[in-house]
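Participant: One-letter residues, chain by chain:
There are 2 protein chains.
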Amino acid sequence: MVGPKLQAFIPLFYLVWSDDLLTLKEFQTLATFIKNQDWLSQEEKEYLLSNIDRSNPPSRAIIDKWKEEIRNAILKNPSIASSYDVAKMLSENEAQIIDLKPYFLKIENDLGYLSEEVISTFKTTADTFTSKNNTLSQFDVPKLTAILDGNQVGVINKVKAVISRPEFAYEYGLDIATYRNRVYDWCKILAKENFGNKAYPKEYGGGNDIEAYFAIIETLSYHDLSLVIKFGVQFGLWGMSVYSLGTKKHYEKYLKDIGDLTLPGCFAMTETHHGSNVKGLETTATYNHKDQTFSIHTPHPKAQKEYIGNAAVHGQMATVFAKLIIDNHDYGVNAFIVPLRDSDGNVVKGVTIGDCGYKMGLNGVDNGTIRFDQVVIPKENMLDRFASVNDNGVFESPIPSDNRRFFTMLGTLVGGRIGIPRSALSAAKSGITIAIKYADKRRQFGPDGGSEVPILNYRIHQRRLFPHLATIYATHFGLQYLTRLFLEKTEEQIQEIEALAAGLKAYSTWSTTATLQECREACGGKGYLSENRIDNLKNDTEIYTTFEGDNTVLMQLVAKNRLSEFRKEFGKMNSLGMINYVFENAKTALTEKNPIVTRTTDATHLLDFEFHLQAFQYREKTILASAAKRIKRLIDEGLEPYDAFNVVQHHMIEVAQAYLERILLEQFQENISKVQDQAVQAVLKQLAQLFALSVIEKNKAWYLEEGYMESVKTKAIRKMVNQLCWEIRPNAVGLVDAFAIPDSCLAAPIVFNS
Amino acid sequence: MVGPKLQAFIPLFYLVWSDDLLTLKEFQTLATFIKNQDWLSQEEKEYLLSNIDRSNPPSRAIIDKWKEEIRNAILKNPSIASSYDVAKMLSENEAQIIDLKPYFLKIENDLGYLSEEVISTFKTTADTFTSKNNTLSQFDVPKLTAILDGNQVGVINKVKAVISRPEFAYEYGLDIATYRNRVYDWCKILAKENFGNKAYPKEYGGGNDIEAYFAIIETLSYHDLSLVIKFGVQFGLWGMSVYSLGTKKHYEKYLKDIGDLTLPGCFAMTETHHGSNVKGLETTATYNHKDQTFSIHTPHPKAQKEYIGNAAVHGQMATVFAKLIIDNHDYGVNAFIVPLRDSDGNVVKGVTIGDCGYKMGLNGVDNGTIRFDQVVIPKENMLDRFASVNDNGVFESPIPSDNRRFFTMLGTLVGGRIGIPRSALSAAKSGITIAIKYADKRRQFGPDGGSEVPILNYRIHQRRLFPHLATIYATHFGLQYLTRLFLEKTEEQIQEIEALAAGLKAYSTWSTTATLQECREACGGKGYLSENRIDNLKNDTEIYTTFEGDNTVLMQLVAKNRLSEFRKEFGKMNSLGMINYVFENAKTALTEKNPIVTRTTDATHLLDFEFHLQAFQYREKTILASAAKRIKRLIDEGLEPYDAFNVVQHHMIEVAQAYLERILLEQFQENISKVQDQAVQAVLKQLAQLFALSVIEKNKAWYLEEGYMESVKTKAIRKMVNQLCWEIRPNAVGLVDAFAIPDSCLAAPIVFNS
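Residue numbers (full-length UniProt numbering), protein chains in the order written: chain A, 1 to 754; chain B, 1 to 754.
The shape of chain A in the complex, shown without the other chains:
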């Protein structure tokens, strides 16, 4: 019936009827095209038009016939690249068709698709390389685990064994009272194992091993985080405050009972109206000369202690921070041991306890409020390591400045700012493990004619997860470094260590929040079910960015510390000219070395550790100098320093970030250089490169503004980040297996039976 030349239109017919996007307009476009072909007879045109009559669509049979003919044409000639080529074949190289090539190509375009896409639907593309990039660990996982655990492997494995016991199995949807008691019971088990008192002196039943204590916190954090926080409140905050701020008489009286959890207690610092600004807290401890006692008092409701862990139900005593008043003179904030409940749990007279109730997470921890109405305690209950009241009722202290004494006291509590980020990191490890292992199994979509592909093979999915994985590894080594510094600290280093701890606490908890948010979304609906744990991991760690110091406030402190370091380094910083000088120096010093570098884009250079570290150092130095410069200028312009610092707050955060990221990269690279095993070193190297380049990419606008890189380079870096993700893909599962999180802790069904 229809001659070969008409066959040429079959691809177009098939297209308009099969394509799921075409609308009226496309049908009209095609109709017009046909009408305009004056080499066609009227009846030929009518025949063709009858095939695209929307009021009278062809039967499935006919469409299937078209499809067959197209497929056969393609199978006969695999070199076919456009539907015009098909048209040509079907029309047996009809001369007019060949002349019409441009028109056929145009109509294909007007119909809004790329020929290749249509043709490809006929080729079986099951063997796309996207389908092939699957899990294939290229290194020995246990070797990497050994590197991560280091010298703490013993205690780590001991803790893992304990929390893997059946009595530690998770249970969801417990009512809050049951949950709180469950967590309390878990803590008792841990106390029996002597995990709680690990950091206390041997003479008080402890293990005298603070390093192990941190490893315990970190490992426990693979389990329920309410347990970790309850544990940290009792043995860390309550116990260590007695140990750090008190003296022998307090150790002898309390430390053993705290360590075996026969004396549950609290750390009562924060007040409703004073969280970050602790110096401003208003609870008073007034000295009574007549009977050598203190009266602990809450002057008004907003001065009540708030969010106090262990307070709502279990706490029997508390380290209470209050302003010491003697003869109406305020001697600043000091710490006192105040009883809350008797051993039967009855609240003592003068104390009023409230319950913080339901929280976003950590509902296994009994946070509460505490109010004191002239509660009288004996003189010896003052934690008197840094200040005391002598028998004549006279204040005594080796540190005359209230300010300085206060910060010295806080300084002794810096341990909390090492435990929290290490706990946060474990939570991030759990989350990324769940997300990556699920994405490795979960298949969705795939090439035409091929089976569905693991979603971890999709570039966007890799980009969502792998930079976080790299950051987790970088942070791991950074926190190891911080811990070592803390253990070996000299008086000279104290400030720097405090700043670094504050900074890494903020950095690590923020990236944990970001990581878990991404993991939740990356796991789709499954990531929303509590059984898969992203829920609790995210909601429990959510408050980590706030407690132990609000992250934003901490970052400001870190930046101020960097500024004063900076000033010490280059004297005479009071003169703006001099700052400018130093500033320009910092800039040129590194760039002038190699002017071409701003344009270099070859892989060797982009993957070079030295290039990475230099870029980080350059950013750290320059951004710090420019902050100093801005502040100085603002003050010279007559601004109050308070206003000046407010104006540059955003800048200050970047100062702190650049400093922290430089430390993380430095430590990551240094640890890699020490790795013996080639394969392990190779995969860690890729992670370090991904970490470095994604941080640079995040800050690329800044590098461009500074002229440190040109756009050709930042674009090359973006491509390299994609490439690294692609190359890390086969090792991704191995890299999370290396965390060696116990299955019973991971627990998420999507990890084990997807």
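Hints in this document: simulated from the structure, not taken from any laboratory. Remember, predicted model here, so these are calculated numbers, not experimental data. There's no promise every hint is true.
The list treats identical chains as interchangeable, and a pair is accepted whether it falls inside one copy or across any two copies.
Straight-line distance between alpha carbons at most 27 Å, and here's what the computed DSSO-like set of lysine-lysine pairs gives [said to hold, decoys possible]:
hint, residue 1, residue 2
1, 715, 698
2, 632, 67
3, 698, 629
4, 143, 441
Assemble the complex: chain A is given as a structure, and chain B must be docked to it using the hints.
Facilitator: Then chain B, alone, in the frame of chain A:
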């Protein structure tokens, strides 16, 4: 006792003893300095050194005396700017001191602080401008509310009145069973008010007003979001699937009962193994010729329906999506009404229902799994608007292509992608209202000598919240626009509207997640307490980025739609040369107009609406063209299109984002131009400027890479963003009050009694 010249050292003494940061090193520095002053006698040196002997600190009395002397000096001469000036005064202009000026300045620096900071602690700086920038609404709030509510004010206020009734009061920590029934009862109340059937035809008891239905969803979203989703499942997904995919016989049989909630039902599309790739779902509906029935069957466990709202407890029927099989031929996915429970709630034979259990949020919604074991339903249960089986058991459809029919069916359900983003937006409005009103009251830190300052006065806090506030306003107008388009849609627009709905669903839900995350952190500990609602707002909306289409998948669809629009626009896109041509055109077209613009930084220009829109359009066009270019090149290089699209996935997301942001800005600006009231227009203008500039700032690396802006300009934009935040501050509370969220819905105690 001590001569005036020694007085000069008092500022230094005071410093070392009062500063809370100095360590051993600083004491040594000062000691060395003193020892090196050969103009001092030996005993003078010894006296001075005795004042910085750490083993024998001065008494508080002495420190206080020093402090007094310094204060007096400063009061006598307010022009004093450095502690050297103080030294000079105290030494009564001792000649040697004046000669020593550089040494004094140096030692101050070596001690690591800026003189100004020390001096300022002696001046009362209570009147910093940071302290003064407080709430002061400069516009008439109700007028703005009227603009936001528009023609829907009637139904909006009606809904607000209902959800403000006592029976709608929140209760936290309900067990899941109670919570689910509470939400169900709430839905019954709303049904009685004829909110549920608002969109259905009048003849079936409806209000025939889809616009009002969307306004209802949006307003309900100020309340518990489990309520909104349960409501949406019943009246939107279940009811509208019957209405959109069924025919008269189904309307008559079901629509009224669905609308008054006597027939609770489900929308059973998603399967465990097929969420995003719905076309791949495996449930079958096999036609039985003998008795003209269908057998609905779940071939294997992973093909069970999952996350189905209303399934676990209340649903009696479901619209089930299944592959239609006739005589072993697969006719693609179609929809069928299948009974799940009888009216007494007993599950029907062949149906197995599971409970999804605890979720991160929305625990008031009974999501469940459904399995079918050869469940037989009558032929008329097929929703046959787009396809049917005739009495001879032959498949019939006006749309022969299975693909196309499927997407046409889905297209009729696009309403869900308008309701969800509008619901998400309301949640964001609640969160930002809580965070801003709290930050306006919460005071922490302050200038020396001044009282504490509202944290909303801190630049960093403004930067955390205000860009989100601006985005919320932009999204509000964007979703209004989408709704109008949807209501007035012509067949030609369908695809674009579907793409826009998909895109705005993703954009709006992602920014809601980001906004609420920021709000949680910005509210500190209070933001973690469930009573303040950020908890539920965040966790309930968390899944919005996944359901109704995973955001990442949706953004890919939007980008693909943009690409085909692009191809239609400029024919012959199959030739790379042509794409390049268009690409270069898109670039130059806008830049060549004004070459200097890349460096312009004056405020008038930076705040100019036209500049903003041009920058957005430029980004949209260029990034789209470059994506087309990359894909084309990759395919020419021999990549399978499937691989090519995988390589550019990340780029595709940006294509979609640029498109959506351009639409939002366009709509925001257009709506502002229509505002009559000057004051309201002024404040909205600032918000639109903040929205535009923070988006540009977010993408500034790209603008720099493209050479569309130079660094001098991007830096100026960063400053301008800070400035706009600062200027919006006094109106911030007014801007959230304009949302007019009922107090009973807002509920957060920190909003009302901080």
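Participant: Give a verdict on every hint.
Facilitator: Okay, the hints, checked on the actual structure:
1. Both within a single protomer and between protomers do residue 715 and residue 698 lie at most 27 Å apart by alpha-carbon distance, with minima of 12 Å and 16 Å respectively.
2. For the identical chains of this complex, residue 632 and residue 67 are inter-copy neighbours only, at 25 Å across copies versus 75 Å inside a copy, given an alpha-carbon limit of 27 Å.
3. For the homomeric pair residue 698 and residue 629, the shortest alpha-carbon distances inside one copy (24 Å) and between copies (25 Å) are both at most 27 Å.
4. Taking the shortest Cα distances, residue 143 and residue 441 sit within 27 Å of each other inside one copy (25 Å), while across copies they are farther apart (54 Å).
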